[in-house]
Amino acid sequence: MTKKYDTPLLDELEKGPFPSFVTEIKKAAAKSAMAADELGQLEKSFRDKVTYWKHGGIVGVRGYGGGVIGRYSQLADKFPGVAHFHTVRVNQTSGLFYTSETMKFFCDLWDKYGSGLTNFHGSTGDIILLGTVTENLEPLATVLSMNGFDLGGSGSAMRTPSCCVGPARCEWSMIDTLDITYDLTQEFQDELHRPQFPYKFKIKTVGCPVDCNASIARADLSIIGTWKGPIAIDQDKVKDYAKKGMNIQEEIVNMCPGKCITWDGNTLNINNADCLHCMHCITKLAGALKPTPPFGAVILIGAKAPFVIGATLSWVIVPFMELKPPYQELKDMIRNMWDWWNEYGKNRERIGELIIRRGMREFLEVCGLEPTPELVREPRNDPFWFWKEEDFEKKPWEEFLK
Amino acid sequence: MPYVIPDVVDVKQRKTDIGPPHYKNFLPPVIQKNYGDWKTHEILSPGLMVHIANSGDKIWTVRVASPRLLSTDTLREIADIAEKYCDGYFRFTTRNNIEFLVSDESKVKPLMDELADRKYMIGGIGSRVSNIVHTQGWIHCHSAAVDASALVKVIMDEFVDYFTTKETPNKVRFAVACCTNMCGAVHCSDIAYVGIHRKLPRIDHDNFKNLCELPTTIASCPTAAITPDPAKKSIKINADKCMYCGNCFSVCPALPIADPENDGVAIVVGGKVGNLRKPPMFSKLAVAYLPNNTPRWPEVVKATKKIFDAYVAGAKKHERVGEWIERIGWEKFFAVTGLPFTFQHIDDWTYAFKTFRTTTQIKWTK
Amino acid sequence: MEKEELKKAIYQLIEQSAGKKKYKQADVIKHFRQQGIPDADTKAAIRELIDAGDLIYTYFGGSYIELGEKRKGT
Ligand code: HEM
Ligand code: HEM
Ligand code: HEM
Ligand code: HEM
Ligand code: HEM
Ligand code: SF4
Ligand code: SF4
Ligand code: SF4
Ligand code: SF4
Chain A
64 MTKKYDTPLL
74 DELEKGPFPS
84 FVTEIKKAAA
94 KSAMAADELG
104 QLEKSFRDKV
114 TYWKHGGIVG
124 VRGYGGGVIG
134 RYSQLADKFP
144 GVAHFHTVRV
154 NQTSGLFYTS
164 ETMKFFCDLW
174 DKYGSGLTNF
184 HGSTGDIILL
194 GTVTENLEPL
204 ATVLSMNGFD
214 LGGSGSAMRT
224 PSCCVGPARC
234 EWSMIDTLDI
244 TYDLTQEFQD
254 ELHRPQFPYK
264 FKIKTVGCPV
274 DCNASIARAD
284 LSIIGTWKGP
294 IAIDQDKVKD
304 YAKKGMNIQE
314 EIVNMCPGKC
324 ITWDGNTLNI
334 NNADCLHCMH
344 CITKLAGALK
354 PTPPFGAVIL
364 IGAKAPFVIG
374 ATLSWVIVPF
384 MELKPPYQEL
394 KDMIRNMWDW
404 WNEYGKNRER
414 IGELIIRRGM
424 REFLEVCGLE
434 PTPELVREPR
444 NDPFWFWKEE
454 DFEKKPWEEF
464 LK
Chain B
518 MPYVIPDVVD
528 VKQRKTDIGP
538 PHYKNFLPPV
548 IQKNYGDWKT
558 HEILSPGLMV
568 HIANSGDKIW
578 TVRVASPRLL
588 STDTLREIAD
598 IAEKYCDGYF
608 RFTTRNNIEF
618 LVSDESKVKP
628 LMDELADRKY
638 MIGGIGSRVS
648 NIVHTQGWIH
658 CHSAAVDASA
668 LVKVIMDEFV
678 DYFTTKETPN
688 KVRFAVACCT
698 NMCGAVHCSD
708 IAYVGIHRKL
718 PRIDHDNFKN
728 LCELPTTIAS
738 CPTAAITPDP
748 AKKSIKINAD
758 KCMYCGNCFS
768 VCPALPIADP
778 ENDGVAIVVG
788 GKVGNLRKPP
798 MFSKLAVAYL
808 PNNTPRWPEV
818 VKATKKIFDA
828 YVAGAKKHER
838 VGEWIERIGW
848 EKFFAVTGLP
858 FTFQHIDDWT
868 YAFKTFRTTT
878 QIKWTK
Chain C
619 MEKEELKKAI
629 YQLIEQSAGK
639 KKYKQADVIK
649 HFRQQGIPDA
659 DTKAAIRELI
669 DAGDLIYTYF
679 GGSYIELGEK
689 RKGT
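Protein chains in written order, with our numbering: chain A, 64 to 465; chain B, 518 to 883; chain C, 619 to 692.
Isolated chain A (complex conformation):
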């Protein structure tokens, strides 16, 4: 029998229709002393309105610098079951697909070595196993590896890459998000497990500009599928939508940011030269419109949370890159930017912050990228620009004199 606590405050959170996390902790608490004390400590947090966890940066498994997040209770005397309550991050599979057999393996594993509490999934994408003790870490990592799984990233490392469901179940995916994610994860195992960067580095890949994995907001390197061909139109299906009550003029034509669609009640026309590739018309008229090749991806850099320069969204660095296995061009570019970041980055400086500090030009040169108008919203509006020696030899005006 595990210890039982009165939890009047948490019990309030078992009421209401949405599935309750308190119920989940109670289920685990019936079997695990760790989970029981987690429940007890959480009730106390709700009573006192503060967290009772301590940070711990030293736990881990041999050879790796990440994958385990040390966590200790401030109230170990009172709640000995959570004196150690470390998190283990397990690298998820691309697209978050499971078989019931795999899931049961994780259940058996975690009932044996941990609290029985999990997150499917953490914000980075990993499987999160919540709550274990230091002694269990090596055996746990061993059993994971025997069964083909490995730990995810944490600390100043490449974090576990993640992606949208992509070609596995989405007609809009213009790149193979699952394969790119798997391939990059395998390619950069060293950078994932052994923190060797100034700070974290996240890669998220999505199949189209809808960005179902919030890549542009959450990844240092955002890879977003897009297309260059015209949008193919099935006029009959468009008419079906109209017949079923869609106001094509209001909902499609007027909302197109490129102002490039017309509709005369019979035929939908798209001036593809002015299309911004935003996906609005395509998602709203699912099945009637579809993008056509060439397919590729926009590569963007630099999204990060607010500290220190404020939050940023990723910036376009390559307007269009074809992504075919083995993705060599992409991998070379990533290695080049890492070398530069390792050379100049300060501790806790994200790559986006370094780009601001040392200039986008230097970054683009390091990556072997050219300046093009697609990289900016508009050209600079201050008069303070720099010249380098090599610029004096260039005579770009000769191009338009021809």
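Check before you lean on any hint, since a few could be wrong.
Pairs of lysine-lysine residues, derived as BS3-like cross-links and limited to a Cα-Cα distance of at most 27 Å, are as follows [to be verified]:
#1 C/621 / B/532
#2 B/834 / A/302
#3 B/541 / A/394
#4 A/322 / B/541
Just so you know, these hints were derived from the structure itself, not from any lab.
The structure presented is a predicted model; accordingly, all values stated were derived computationally and were not measured.
Following the hints, put chains B and C with the ligands in place on chain A, whose structure we already have.
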């Protein structure tokens, strides 16, 4: 693949750098066959969609909510259900929903019936509220200024009809981050909550030298607010620079920042990540502070309802919260929601001036 | 420098700076680059020290390399 968990584990057998298993092992056969060759999909009901391949093959997806924090008991139950109706195949979405992947149409209805019987919440597909992305909170994090799972629970309880049945003008994406580190992805959500501290870390000078390393502590501060205090063999914190981020506490337990009376929740609105129509947008501050009234945060629920109802009433079809606000203007947003506008709403961080109004174009709201 | 010699030098660098300055992997690499050691050699030597448990990665608002005994102490 048969899984093994030996009774006695020889840790020398651990293989490193193997990475995750290949995803193909986990895809249902119909997905393997039609991988990258889908034609279209239809949303049949709020929790059911069918994807149709160019070959004519179909796969049905039934989506249910989960609290993300899951016990092994519940996971086994989910696995059993998937075995019964889906040949064992299921997946999760980025927003922590569970998706049962059904290849045999005749099993769709029995699956949905059993899920309903077992009180799973079916829904979340299409123009409505989906599950809430969130962080660890008091369940597991030392930085948390608020609990995350509890906020998710009380907000979803309030808007549950918009998950299971009712529609909204476009998707409404909620997010919760329990401190300003924002492990979650709140800065680009329609409506998001951030746990905030409002007072400086308290310096325990006596314990500082025992518990903390001076250089590490100074380096931990993102705003360089920490300087040495040689007289006390401790540190000083510059009140004008400190942003209450709690990083220093992460490396130095003698700098507690948690404060039951002053910690609480901010609400930010109008962000989005997709490129549809307008480029991605950041969330902006709607409510600077609401108290931590455990266990159900009534003020937070009420404020959210004001924003949500005003959006549902005022937005045009397909407009996200941020697009609606941009169209009506921020002065009007504060007027129609009745939320107070305070000094905290006016930026004073690094690029503050970028948000000051530089035009005479103004809508009169009173 | 021989690999074993390099490993010893790396270990000493971390040992002598313990409590004063924290080194990241890139800092160690740069330190030995100044002595003419190729980056790849230093990286390989660090890897062996980590695999053997003599050194470990730690996390305090950023990942560092520290003495392995620090983990045993907790
Ligand atoms: C000083 C800064 C930070 C500290 C001390 C910190 C600390 C932590 C800790 C302790 C955890 C583990 C929580 C747990 O599982 O118990 C965590 C998780 C995480 N952190 Fe941070 N963090 C910081 C900054 C950030 C930032 C800026 C981001 C990104 C915006 C971020 C993203 C994440 C993510 C995605 C997770 C996983 C959360 C989850 O799975 O729910 N962190 N962080
Ligand atoms: C107004 C000020 C805000 C700032 C300065 C800010 C800052 C940041 C920063 C710096 C990151 C990068 C995370 C990373 O480093 O990986 C970030 C990520 C994020 N922020 Fe914000 N944010 C702000 C507001 C919000 C708000 C209000 C939310 C949500 C409510 C939010 C949610 C997120 C989320 C979800 C992520 C992605 C984390 C991940 O999964 O990697 N941010 N934000
Ligand atoms: C390439 C960079 C620029 C140069 C070389 C430049 C140069 C000048 C000069 C010589 C004047 C006349 C000043 C006077 O009459 O006192 C002027 C006026 C002005 N500039 Fe610029 N400027 C530049 C960019 C900008 C930008 C980017 C802005 C605004 C965004 C701007 C806004 C103005 C304004 C508002 C005036 C006053 C116009 C008036 O009196 O009617 N300038 N600028
Ligand atoms: C690219 C950046 C520059 C900008 C935006 C700029 C802008 C201006 C502006 C707005 C004025 C006032 C003009 C007026 O009153 O009609 C001005 C005047 C002047 N600028 Fe510049 N300037 C720039 C660079 C320079 C440079 C590089 C020099 C000298 C090497 C220079 C020398 C002068 C002088 C001497 C005046 C006074 C002219 C007069 O009184 O009529 N400026 N500049
Ligand atoms: C933190 C932010 C977000 C997360 C974590 C998120 C997550 C998700 C997830 C998990 C899905 C289901 C995809 C799948 O089948 O696996 C999805 C679908 C989708 N999301 Fe998001 N989303 C976020 C924000 C957004 C935003 C801002 C938009 C739009 C601007 C958006 C638009 C869509 C669309 C259009 C779909 C697919 C269509 C559908 O399911 O009906 N999402 N999102
Ligand atoms: S990002 Fe695009 S391709 Fe990926 S799941 Fe979303 S809509 Fe589909
Ligand atoms: S994708 Fe966007 S910009 Fe292009 S035609 Fe459709 S709505 Fe217009
Ligand atoms: S958002 Fe802050 S408090 Fe919440 S899990 Fe992340 S670091 Fe911890
Ligand atoms: S709370 Fe954050 S900003 Fe304030 S002193 Fe600590 S580290 Fe610096």
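Comparing the hints with the structure gives:
1. For the proposed pair residue 621 of chain C and residue 532 of chain B, the alpha carbon gap of about 24 Å is at most 27 Å, so the pair holds.
2. In summary, the hint linking residue 834 of chain B to residue 302 of chain A is supported, as the alpha carbons are separated by about 19 Å, within the 27 Å threshold.
3. Taking the CA atoms of residue 541 of chain B and residue 394 of chain A, the gap is about 23 Å. The hint holds against a cut of 27 Å.
4. A threshold of 27 Å between alpha carbons decides the hint, and for residue 322 of chain A with residue 541 of chain B the separation of about 41 Å lies outside it, so the pair is violated.
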